[in-house]
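Asks: For reference, the chains in residue letters:
2 protein chains.
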Amino acid sequence: MEAYIIGIGNELLRGSIVNTNAVFIAQDLVKLGIRVKGMLNVGDDINSIVSSLRFVTDVADLILITGGLGPTHDDLTREAVSLFTGLPLVFSEEALENIKYYFSLRKRPFGPGTPKEAFIPKGSEVLKNNVGVAPGFWVRHNNKDIVVLPGVPREARDIWENIVKKRLENLYSKDNPIFTLRVFGLGESTVESKILDIIKEDPSNIDILIGEPLEIKLFIRGENAQKLFERIKERLEEYIFTTDDESLVEVVVKKLKERKITVATAESCTGGLLAEKITDIPGSSEIFKGGFIPYTRWAKKILGVPSYIFDAGEVSLEMAENLARIARDKFSSDIGIGITGNAGPSAGDNTKPVGYVCIGLVKDNEVICKDFQLEGDRARVRSLAVQWALDMLRRSI
Amino acid sequence: MEAYIIGIGNELLRGSIVNTNAVFIAQDLVKLGIRVKGMLNVGDDINSIVSSLRFVTDVADLILITGGLGPTHDDLTREAVSLFTGLPLVFSEEALENIKYYFSLRKRPFGPGTPKEAFIPKGSEVLKNNVGVAPGFWVRHNNKDIVVLPGVPREARDIWENIVKKRLENLYSKDNPIFTLRVFGLGESTVESKILDIIKEDPSNIDILIGEPLEIKLFIRGENAQKLFERIKERLEEYIFTTDDESLVEVVVKKLKERKITVATAESCTGGLLAEKITDIPGSSEIFKGGFIPYTRWAKKILGVPSYIFDAGEVSLEMAENLARIARDKFSSDIGIGITGNAGPSAGDNTKPVGYVCIGLVKDNEVICKDFQLEGDRARVRSLAVQWALDMLRRSI
Numbered sequence: 035m036e037a038y039i040i041g042i043g044n045e046l047l048r049g050s051i052v053n054t055n056a057v058f059i060a061q062d063l064v065k066l067g068i069r070v071k072g073m074l075n076v077g078d079d080i081n082s083i084v085s086s087l088r089f090v091t092d093v094a095d096l097i098l099i100t101g102g103l104g105p106t107h108d109d110l111t112r113e114a115v116s117l118f119t120g121l122p123l124v125f126s127e128e129a130l131e132n133i134k135y136y137f138s139l140r141k142r143p144f145g146p147g148t149p150k151e152a153f154i155p156k157g158s159e160v161l162k163n164n165v166g167v168a169p170g171f172w173v174r175h176n177n178k179d180i181v182v183l184p185g186v187p188r189e190a191r192d193i194w195e196n197i198v199k200k201r202l203e204n205l206y207s208k209d210n211p212i213f214t215l216r217v218f219g220l221g222e223s224t225v226e227s228k229i230l231d232i233i234k235e236d237p238s239n240i241d242i243l244i245g246e247p248l249e250i251k252l253f254i255r256g257e258n259a260q261k262l263f264e265r266i267k268e269r270l271e272e273y274i275f276t277t278d279d280e281s282l283v284e285v286v287v288k289k290l291k292e293r294k295i296t297v298a299t300a301e302s303c304t305g306g307l308l309a310e311k312i313t314d315i316p317g318s319s320e321i322f323k324g325g326f327i328p329y330t331r332w333a334k335k336i337l338g339v340p341s342y343i344f345d346a347g348e349v350s351l352e353m354a355e356n357l358a359r360i361a362r363d364k365f366s367s368d369i370g371i372g373i374t375g376n377a378g379p380s381a382g383d384n385t386k387p388v389g390y391v392c393i394g395l396v397k398d399n400e401v402i403c404k405d406f407q408l409e410g411d412r413a414r415v416r417s418l419a420v421q422w423a424l425d426m427l428r429r430s431i
Numbered sequence: 035m036e037a038y039i040i041g042i043g044n045e046l047l048r049g050s051i052v053n054t055n056a057v058f059i060a061q062d063l064v065k066l067g068i069r070v071k072g073m074l075n076v077g078d079d080i081n082s083i084v085s086s087l088r089f090v091t092d093v094a095d096l097i098l099i100t101g102g103l104g105p106t107h108d109d110l111t112r113e114a115v116s117l118f119t120g121l122p123l124v125f126s127e128e129a130l131e132n133i134k135y136y137f138s139l140r141k142r143p144f145g146p147g148t149p150k151e152a153f154i155p156k157g158s159e160v161l162k163n164n165v166g167v168a169p170g171f172w173v174r175h176n177n178k179d180i181v182v183l184p185g186v187p188r189e190a191r192d193i194w195e196n197i198v199k200k201r202l203e204n205l206y207s208k209d210n211p212i213f214t215l216r217v218f219g220l221g222e223s224t225v226e227s228k229i230l231d232i233i234k235e236d237p238s239n240i241d242i243l244i245g246e247p248l249e250i251k252l253f254i255r256g257e258n259a260q261k262l263f264e265r266i267k268e269r270l271e272e273y274i275f276t277t278d279d280e281s282l283v284e285v286v287v288k289k290l291k292e293r294k295i296t297v298a299t300a301e302s303c304t305g306g307l308l309a310e311k312i313t314d315i316p317g318s319s320e321i322f323k324g325g326f327i328p329y330t331r332w333a334k335k336i337l338g339v340p341s342y343i344f345d346a347g348e349v350s351l352e353m354a355e356n357l358a359r360i361a362r363d364k365f366s367s368d369i370g371i372g373i374t375g376n377a378g379p380s381a382g383d384n385t386k387p388v389g390y391v392c393i394g395l396v397k398d399n400e401v402i403c404k405d406f407q408l409e410g411d412r413a414r415v416r417s418l419a420v421q422w423a424l425d426m427l428r429r430s431i
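Here the protein sequences line up with chains A and B, keeping their order.
Okay, so the first sequence: first residue is 35 according to this note's numbering, each after it adds one.
Okay, so the second sequence: first residue is 35 according to this note's numbering, each after it adds one.
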């Protein structure tokens with residue numbers, strides 16, 4: 035089966051927002067082994083939507099649409115699907131129930147008249163929206179499945195997770211579970227080369243995907259999934275950070291919580307990005323005690339970095355270790371992490387090259403310091419540095 | 035003129051990466067007044083690319099393609115454009131010069147044989163790539179303009195900024211400059227309602243776009259641009275933070291640099307996001323002295339928040355002000371900013387509702403404290419809080 039993902043809304047065409055719905059839908063489809071033929075964004079214009087539907091149903095069997103289900107005259111997805119399929123829009127009691135349910139949930143009065151969201155193409159199935167007004171719908175037409183979800187990401191995700199994805203899982207992997215692996219620190223092509231012989235045995239059931247920087251996801255499906263998984267696992271052992279579907283920072287925060295280990299940070303070149311990433315995970319206050327951002331020489335002095343450390347250089351392994359110690363000692367955490375480096379774009383009065391980053395980690399009497407020469411622009415260097423710091427943290431606990 | 039943007043590459047269809055090229059191209063097209071009919075991502079498959087080209091040239095005149103220009107057998111954009119237009123791929127001396135130039139720049143040896151990147155559809159124009167190997171090309175076919183750029187964002191942006199955008203500007207706004215305005219703190223619909231009468235006079239030459247959270251961009255074009263701009267400016271005066279094409283954080287950092295004012299931060303609920311955002315701007319070390327992330331009660335005590343402040347609550351105006359003072363005093367900066375709040379998802383043992391955030395700013399003898407009830411999930415609340423802090427900072431300098 036081949037799928038096409040469509041996003042509907044003028045805001046998508048203006049670059050005001052990115053179609054994040056297409057991203058999570060695509061990732062889940064890859065996991066299920068459903069090939070995505072293309073993604074398309076189109077505006078709130080009925081003719082454009084209909085001509086897009088004509089094009090995509092020519093090249094794919096499963097059409098996943100998000101957006102254009104709201105109450106205003108700009109929301110034309112229902113009308114376009116009706117026009118394209120020839121199925122008239124009919125009132126649906128079930129859709130109305132969904133809408134009333136949402137209004138009661140929000141304790142909002144339900145106005146007179148029948149809302150637009152209660153009409154769906156004849157014969158289509160209502161897909162219940164638990165977090166918004168407009169239900170989605172699923173219609174089968176000329177052997178093509180057209181699935182329509184609201185554009186608001188939270189709502190699209192709700193219906194996707196609770197109904198659509200589950201149903202696709204039942205169709206595609208009922209008897210064979212899907213195995214997941216995530217590795218850190220290798221490029222996509224390196225991962226591929228390490229398991230190329232295994233991939234060649236069952237190429238359609240092994241997928242390699244790029245996640246966060248330096249994070250690679252593998253999905254393994256099919257009858258031999260278990261065996262393939264075990265072999266791949268053995269081959270990539272030292273790089274694997276999870277066999278669940280979670281990111282490195284999620285794994286680290288979970289592990290810290292389980293083991294009741296606390297962390298504090300002192301970040302120079304990353305300017306708070308590591309702390310920001312950790313505290314982005316709900317409940318991280320259990321394990322993150324606090325952080326410093328000694329961005330300048332002055333700030334490092336204020337925090338108590340002794341002058342002989344400056345002799346080694348503001349960007350040095352000695353500085354990274356000292357920052358880690360200061361973070362740990364000041365906040366009385368179990369682990370301290372220090373990051374210093376030159377993120378660029380210009381080297382400034384720094385003697386170290388752009389992209390050179392030192393990371394220090396102290397824990398009990400243990401000290402781990404590593405330096406990296408990272409490639410990319412400022413934002414990339416900062417985000418790679420944080421990923422390496424998280425990996426060092428993971429390996430230490 | 036109507037445009038269609040195409041991204042080519044399997045990684046786009048797998049949700050591994052987002053087509054960021056489409057975003058900046060779309061935003062620039064809106065500014066120029068060129069309507070985007072749609073955006074489409076397609077895989078490294080020649081038939082899919084050709085059928086996509088057939089579809090998009092049916093609905094648009096200017097086709098902007100990124101990706102598939104590399105040296106591997108997966109890179110098929112040249113071949114697809116050749117197949118679609120019927121123009122054979124021919125060797126281009128100019129393209130080869132571009133490739134050699136890049137190799138010399140990187141001091142890499144230029145291997146034997148003619149690289150694939152030196153072939154372009156007959157009659158097309160080479161678009162020089164200053165930061166990578168593969169030049170782009172521009173071909174006119176059946177009254178349609180097909181412009182092809184590399185997929186690497188840095189390279190796509192280089193050719194876009196230096197050649198394609200400039201040429202489109204010459205075509206569309208040669209005699210009339212485009213005016214830009216950015217406002218903070220209003221929603222898109224509020225901005226629209228405030229200037230609806232002006233928009234109605236020349237709707238095709240006034241565009242409103244969503245930028246960063248709470249930032250709205252306005253583009254004004256056409257013969258009456260100057261007059262329209264002045265009137266809109268008067269109407270939105272108090273909300274405008276720039277009449278240049280730059281974001282709020284860029285404006286704030288620039289202003290601080292110009293006036294030689296330094297800043298320090300102490301962030302609780304935003305966990306370092308404000309510092310991270312400021313230090314993301316190159317050269318921010320001139321104005322950012324350092325930051326604290328007192329994420330826990332413990333960390334706040336360690337930093338020296340006196341116990342009577344805790345009586346007012348960990349999330350309180352008093353705490354925000356105190357954190358601001360500590361940041362300023364410890365790092366000897368001109369301005370201190372403190373942020374405390376409840377980002378959710380659960381209220382925890384916090385007595386304040388999810389989304390409630392207090393921001394304090396101290397400068398000389400001046401103290402400004404504000405509280406906000408922000409809407410959205412954890413990430414949204416944190417990013418809105420940071421935006422409001424930046425706006426308070428902007429207004430104070």
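Derived by calculation from the structure, the hints in this document are not laboratory data.
Among the hints, a few may not be true.
A pair counts as met if it fits within one copy or between any two copies, since identical chains are not told apart.
[As the list claims (entries may be wrong)] Here are the simulated PhoX-like cross-link-like pairs (lysine-lysine), alpha carbons at most 25 Å apart as the crow flies: (1) K335 x K397; (2) K178 x K288; (3) K134 x K156; (4) K294 x K335; (5) K335 x K364; (6) K261 x K288; (7) K134 x K178; (8) K162 x K150; (9) K335 x K291; (10) K386 x K141; (11) K178 x K386; (12) K294 x K199; (13) K404 x K178; (14) K234 x K141; (15) K162 x K261.
Asks: Which hints, by number, does the structure contradict?
Replies: 2, 6, 7, 11, 12, 13, 14, 15
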